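Residue numbers (my numbering): 1 to 433.
Just so you know, the hints here were simulated from the structure itself, not pulled from any lab data. These numbers come from a predicted model, not from an experiment. There could be a bad hint or two in this list.
DEER-style ranges, computed between Cβ atoms [said to hold, decoys possible]: (1) Gly-176 x Gln-242: 49 to 59 angstroms; (2) Gly-172 x Ala-304: 45 to 55 angstroms; (3) Leu-376 x Gln-217: 51 to 61 angstroms; (4) Arg-15 x Gln-242: 46 to 56 angstroms; (5) Val-178 x Arg-292: 31 to 41 angstroms; (6) Glu-102 x Ser-248: 39 to 49 angstroms; (7) His-395 x Ala-328: 29 to 39 angstroms.
For glycine and all other residues, C-beta sits at the position ideal for the given N, C-alpha and C.
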Amino acid sequence: MSGRSIHDVLDDGARRLADRVIAWRRHLHRNPELSNREEKTAAFVAEHLRALGLDEVRTGIAGHGVVGVLRGGRPGPRTIALRADIDALPVPDRCGADFASEAVDTTYPGGPFPVSHACGHDCHTAMLMGAATVLAEARAELPGTVLFVFQPAEEGPPVTEEGGARAMVAEGAFAGPVPTMVFGMHVTPYPRGHVGYFTGNQYAASLLVRITVTGRQVHGSTPWQGIDPMPAAGAILTGIGQLYRQVSAFDPVTVTIGHIEDVGRFNIIGETVTLWGTVRCADESGMAEVRRRLAALAEHTAAAYQATARVDYLQPVPPVHNGAAWVAAGLPTFRRVVGAERVVETVPSLGYDDVSEFIDRFGGLYVTLGVQDAALDERGLPVPLAGGRGLVTNHHPGFYADDDTLVTGVRLHAHVAYDHLTGALTPDRSEAR
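Take the sequences, apply the hints, and build the full model.
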């Protein structure tokens, strides 16, 4: 290594790869696929991993999951899993780039949908492909094993299907070797190249909620001869807006209805109206109470309109928890990669990410990587840079990510992997939570 440190070698490899990582990201951005439909994305990833000469490339895990296995050239007891999510969203692409998606999925349940990487999973996938390349080149120096985990359906599969992180675990993605750490990151509207972390529950516990309101179908001209479920649905929506007053203001929760589904036409009072939404709790201990109150609200409100309501809770996801000992172990690595001034403590979010299924089982860290034209104000909050592209949140049609920041994500993956394998980024297991 001619006197250079292994970290210098990893950094050099990442910088040489920068243009390819950008090209991969743009290809993925142009060709997004929805949850449990990531067939071409998975094939693209698997082809690249095979070209690297990894020890194993496992495909077809929980649908279209891919796991690459790289065994280092030196003995070591540790295995790190680096994770990226690969699915896109049913959101139109208005990011303004010349590689914007024009994809439309005409067969997805509930569709047709425009499809885009409005959450930045194209960035996650490209950065992990880059890290796999850099670490494969440095295989001889690695004392242990690296798993490159490309996970489908992070945004949640259709309700009639299984998928996502929990399904990958159930199908044995980590049966051998078993990780001693999981690491991942999420791009976010924060200053470019800044790494954000939070000690504790960084992301919330989540549930998908389905409220089915049932009345009695009748002609629109004679509403008194039937039971109209629509007013009951409207009253439930209004009531949900007051649920926050029934739980402690010191335990953040939110219940959001994002989609209302009705089967009928303009002159028919239909039989059912279905409300689809999400429940988020900063602390999972509050979820049972929110569930109880939401079910009571829906059932009793519907009864007041002579209708009925059934509430189903689906796709539970635990919070993403960064243990204090894991954070303390990871901070020196983060600061080496981006500089101490760019490693900042952030506030917790009511967003969710099912990487929690991995971190809960094996330990590890999940951080954010800023990719937008922003600066931090005196309160430490992101504000738009003058003349920049503004701040655009994830899941918005205009979400964008700075291509030049992707190499930072590659370096972060590579440094975390090496440091964990050597024992430098490993907390006392008794303190890891």
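We went through each hint and held it up to the structure:
no., hint, result
1, Gly-176 x Gln-242: 49 to 59 angstroms, "holds, 50 angstroms"
2, Gly-172 x Ala-304: 45 to 55 angstroms, "holds, 49 angstroms"
3, Leu-376 x Gln-217: 51 to 61 angstroms, "holds, 56 angstroms"
4, Arg-15 x Gln-242: 46 to 56 angstroms, "holds, 54 angstroms"
5, Val-178 x Arg-292: 31 to 41 angstroms, "holds, 37 angstroms"
6, Glu-102 x Ser-248: 39 to 49 angstroms, "holds, 46 angstroms"
7, His-395 x Ala-328: 29 to 39 angstroms, "holds, 32 angstroms"
Going down the numbered hints, you'll see the structure goes against none, and every one checks out.
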